[in-house]
Structures are given as structure tokens and as C-alpha cells.
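Protein chains: 2
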Amino acid sequence: MDDKVILTIGRQFGSGGREIGQKLAKALDIAYYDKELMALAAKESGLSEEFFKKADERASSGLSYAFSMGYSYMGMFPTYADVLSNDRLFLYQSDAIRNLAEKGSCIIVGRCADYILRDDPACLSFFIHNKKENRIQRIIESEGVTVEQAEELMTKTDKSRAAYYNYYTNKEWGVASSYNFSIDVSVLGVDETVAFIKSFVEKKLSQRPPHFG
Amino acid sequence: MDDKVILTIGRQFGSGGREIGQKLAKALDIAYYDKELMALAAKESGLSEEFFKKADERASSGLSYAFSMGYSYMGMFPTYADVLSNDRLFLYQSDAIRNLAEKGSCIIVGRCADYILRDDPACLSFFIHNKKENRIQRIIESEGVTVEQAEELMTKTDKSRAAYYNYYTNKEWGVASSYNFSIDVSVLGVDETVAFIKSFVEKKLSQRPPHFG
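So the sequences go chain by chain: A and B.
Sequential numbering of the first sequence, starting at 5, is according to my numbering.
Sequential numbering of the second sequence, starting at 5, is according to my numbering.
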């Protein structure tokens, strides 16, 4: 790609958002970041990756899940240190995301990247969703679980992602106006959805400087 | 258009959703319905249009606004007759929408058409949104109001639309997963957004029977 473009992808669990992100990165020949962000953030912060992984696991499942369920549900309350370390993790992660976005075109999945890069004119934000039955099927296949487990995992993971996003941004996870473009994968299927998002990115690039409607 | 397609459009107030709907209908050479639905519903129900218009105004501003604000805020409570007449209006309107959808391809703006036609395989649902500053500018121009008035009108009308939609459907207004496709008009501008949505519709039609992702 000649012009720099940063694509951020928010996604429902089991929607196919990760697969779409990877295929889109390949189609546009740009970098792709998802879990890799943790290692990068650790490296840049100078902290041990082990410490980081532990904190990450708590941020992405423990703490944010606790937010979504209410701490009392888990019979515990967040300590000052809990919140501090998760907030610190978020700051390191934000730095890593900003550094990547400065380097060149890329796709970043999750981790509030759309909010962190909100002032970057090269940034376009997407939200990927899918029909419930398709999501359940995808989760059964990827996680090797039963229908009931898939449904529970789907609900809990979305709650956790929403809690994390709503806590660290001034926007609402999954709400259309939080993103430039949201799409239901079930309409066109994964590959055609990738091609369609690609055409959106190309249209936008061909228009710069942007025309406002 | 050879294949039948029913496009429903939900939209933030001032987003340009109406303009996009009209231009899209022209580009696809299909019918367009917005406020016209009221007259049709009146005609089909055999009730006087005058009675209908009165009820419509209450449904689209009075009652639903009251829902969004809470009746107590307005110092009044809905009577059984209020709710009855609004529910009846919704049923007549639903019949009118279903009749239109049966007749042939069309675009229907607002009025929970996506929910009413949820089992129609020819139906695709869209949600149109826009940057706040663009919306304010559009409202100032279309309504001839000040910035402050535009901002108030924007917030109140969206609240009213959300309350109406959330009351009559099992979905949430403005939430990405309630629609097949949501787009921020400010990225491409009105005309290119119309062309882009048209390409989505054409892709979908070329794929039938649908491929699920």
C-alpha cells in the first residue's frame, strides 16, 4: 500500500473478526497485530514479559470480567494495586500501539486501538459481528466445546470485552457510532466480507483529502 | 433490479440517512418510503388520516419521547388509551410495511421495518450515523436553528427513536449487531456512501443463495 492506513478491528467473540483481520492484512499486504501486542509492550516497557503476561491475563479476563459481573459476584473487591497494575498495563499497551501506528500501515485487533488512535487521520475503525448460530458454530470448532459451553463462553467474553472497552474509552463497545463501519459477516461470508472491507479502505484512500458528508 | 430486495434504514437524526435512502432508491431504481407510510397505513386501516396523523405525531414524538424521558419527568402518566392507540398504530403500520415488502423492491426508512421484516430473506438492514459536527451542521441547515438548538434536537430525537425502537422490537437501536451493516457517513461523504451501500446490495444479490461465514 502506498498510503499509510491503520485499521482497527473490534469484534464479537466467535464472529470471525480475527480471521477477517488476518485475511485483510494479507490482501492489503500490511502488518497484523493481535496478541503480539503484549510481547511488544513488554519489550518496550523494559518489564519482564512474564510479569506482563500475568497482568495481561488479568486485564483481559480477570479484571475486566470482574468489571462486567461486579466484584461482589466473585466475592472479592479490586485492590488499589490491582487497578494500578492494569491501568499501567493499558498505558504501556497504548504506547506500543502508538509506536506501531507511527511505523506504517497495519491492522490492530481489539485492545481499544480505535480509541488510542482516535486522533490519527490514517485510522479507520471496524466492528465485526455475526449471526448467533454462526458464532456458536465457530466457537464449538475453535474451542472444542459443547453448544451450551459455547453459548456461555460467547456471552462472558463479549461482556468482558465490553467492560474493558467501556472502562478505558469514552465510547460504548459494539455500538455502531463507536466505529466507522460495522458489518454482519453472515450476509456475504468471510472472504467476500474481507473483499468488501478492502474496497472501503481503497475508496477512502482514493479520496484523500477526505470529503465530508 | 431483477431480484427483489428490501432495504431498511435506521439512522441518527441529522446523519444524512434520509438523503442516502432517497439517493440509494434512485440509484437502484426502487421505491422509497418514509413518512408516506403513515398515509398508506391510514388508507389500508380504513381509519381517517387525520386520526392517524395525530396518533403518529404522538407515537413518533409524544409517547416515545415520554418513554425516553420517563413519564414522571413530564408530570404525567400514560393512560391505557394512549398505549392502546399507539400499539394499534404500530400494528397498522406493520401491516402497511409488510404489504409494501410483498409488492416489490423498496427502501423503508425508520419505523422498526428491520424488525417487522426480520423473517424476510430479501431484507437487508442498515444503520446510518455521522460525526457529531457534521450532524449539527446538517440540522442547522435543515431546521434553521442555532447550534445549541440543533444539539438539543439531535439528542432528543435520537432518544425518542431509540425508545420507540427498543419498545417495539427485541433489539437495541444504534447497536451494530441490530443491523447487517452500519456506516459513518463522514468517511466517504454522502454520494460515495450511497455507491458503497449499492455495491454491498449488488454483492449480496450476486451471491444468492447466500453463503454463510
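In case anyone wonders, no lab produced these hints; they're calculated from the structure.
Computed from a predicted structure; not experimentally measured.
For each residue, glycine too, the CB sits at the ideal point set by N, CA and C.
It cannot be assumed that every hint is accurate.
As the list claims (entries may be wrong) - Think about it this way: if two alpha-carbon atoms lie no more than 20 Å apart in a straight line, the pair counts; the simulated DMTMM-like pairs of lysine to aspartate or glutamate are:
hint: 1; chain 1: A; residue 1: Lys136; chain 2: B; residue 2: Glu137
hint: 2; chain 1: B; residue 1: Lys208; chain 2: A; residue 2: Glu196
hint: 3; chain 1: A; residue 1: Lys135; chain 2: B; residue 2: Glu176
hint: 4; chain 1: B; residue 1: Lys135; chain 2: A; residue 2: Asp195
hint: 5; chain 1: A; residue 1: Lys202; chain 2: A; residue 2: Glu23
hint: 6; chain 1: A; residue 1: Lys136; chain 2: B; residue 2: Glu40
hint: 7; chain 1: B; residue 1: Lys136; chain 2: A; residue 2: Glu23
hint: 8; chain 1: B; residue 1: Lys136; chain 2: A; residue 2: Asp124
hint: 9; chain 1: B; residue 1: Lys163; chain 2: A; residue 2: Asp7
hint: 10; chain 1: B; residue 1: Lys207; chain 2: A; residue 2: Asp195
Stated by the list, open to error - Derived DEER-like restraints, expressed as beta-carbon distance ranges:
hint: 11; chain 1: B; residue 1: Gln141; chain 2: A; residue 2: Leu95; range: 49 to 59 Å
hint: 12; chain 1: A; residue 1: Gln141; chain 2: B; residue 2: Gln26; range: 34 to 44 Å
hint: 13; chain 1: B; residue 1: Thr150; chain 2: A; residue 2: Val149; range: 35 to 45 Å
hint: 14; chain 1: B; residue 1: Lys107; chain 2: A; residue 2: Asp7; range: 40 to 50 Å
hint: 15; chain 1: B; residue 1: Ser146; chain 2: A; residue 2: Arg92; range: 15 to 25 Å
hint: 16; chain 1: B; residue 1: Asp7; chain 2: A; residue 2: Lys136; range: 21 to 31 Å
hint: 17; chain 1: A; residue 1: Gly148; chain 2: B; residue 2: Asp7; range: 35 to 45 Å
hint: 18; chain 1: A; residue 1: Glu156; chain 2: B; residue 2: Ala43; range: 31 to 41 Å
hint: 19; chain 1: B; residue 1: Tyr171; chain 2: A; residue 2: Glu137; range: 24 to 34 Å
hint: 20; chain 1: B; residue 1: Gln211; chain 2: A; residue 2: Asp99; range: 35 to 45 Å
Comparing the hints with the structure gives:
| no. | hint | in the structure |
| --- | --- | --- |
| 1 | Lys136/A to Glu137/B | violated, 35 Å |
| 2 | Lys208/B to Glu196/A | holds, 9 Å |
| 3 | Lys135/A to Glu176/B | holds, 15 Å |
| 4 | Lys135/B to Asp195/A | violated, 29 Å |
| 5 | Lys202/A to Glu23/A | holds, 14 Å |
| 6 | Lys136/A to Glu40/B | violated, 34 Å |
| 7 | Lys136/B to Glu23/A | violated, 32 Å |
| 8 | Lys136/B to Asp124/A | holds, 18 Å |
| 9 | Lys163/B to Asp7/A | violated, 39 Å |
| 10 | Lys207/B to Asp195/A | holds, 12 Å |
| 11 | Gln141/B to Leu95/A: 49 to 59 Å | violated, 36 Å |
| 12 | Gln141/A to Gln26/B: 34 to 44 Å | holds, 39 Å |
| 13 | Thr150/B to Val149/A: 35 to 45 Å | violated, 56 Å |
| 14 | Lys107/B to Asp7/A: 40 to 50 Å | holds, 45 Å |
| 15 | Ser146/B to Arg92/A: 15 to 25 Å | violated, 47 Å |
| 16 | Asp7/B to Lys136/A: 21 to 31 Å | holds, 26 Å |
| 17 | Gly148/A to Asp7/B: 35 to 45 Å | holds, 40 Å |
| 18 | Glu156/A to Ala43/B: 31 to 41 Å | violated, 48 Å |
| 19 | Tyr171/B to Glu137/A: 24 to 34 Å | holds, 26 Å |
| 20 | Gln211/B to Asp99/A: 35 to 45 Å | holds, 43 Å |
Checked against the numbered hints above, the structure violates hints 1, 4, 6, 7, 9, 11, 13, 15 and 18; every other hint is satisfied.
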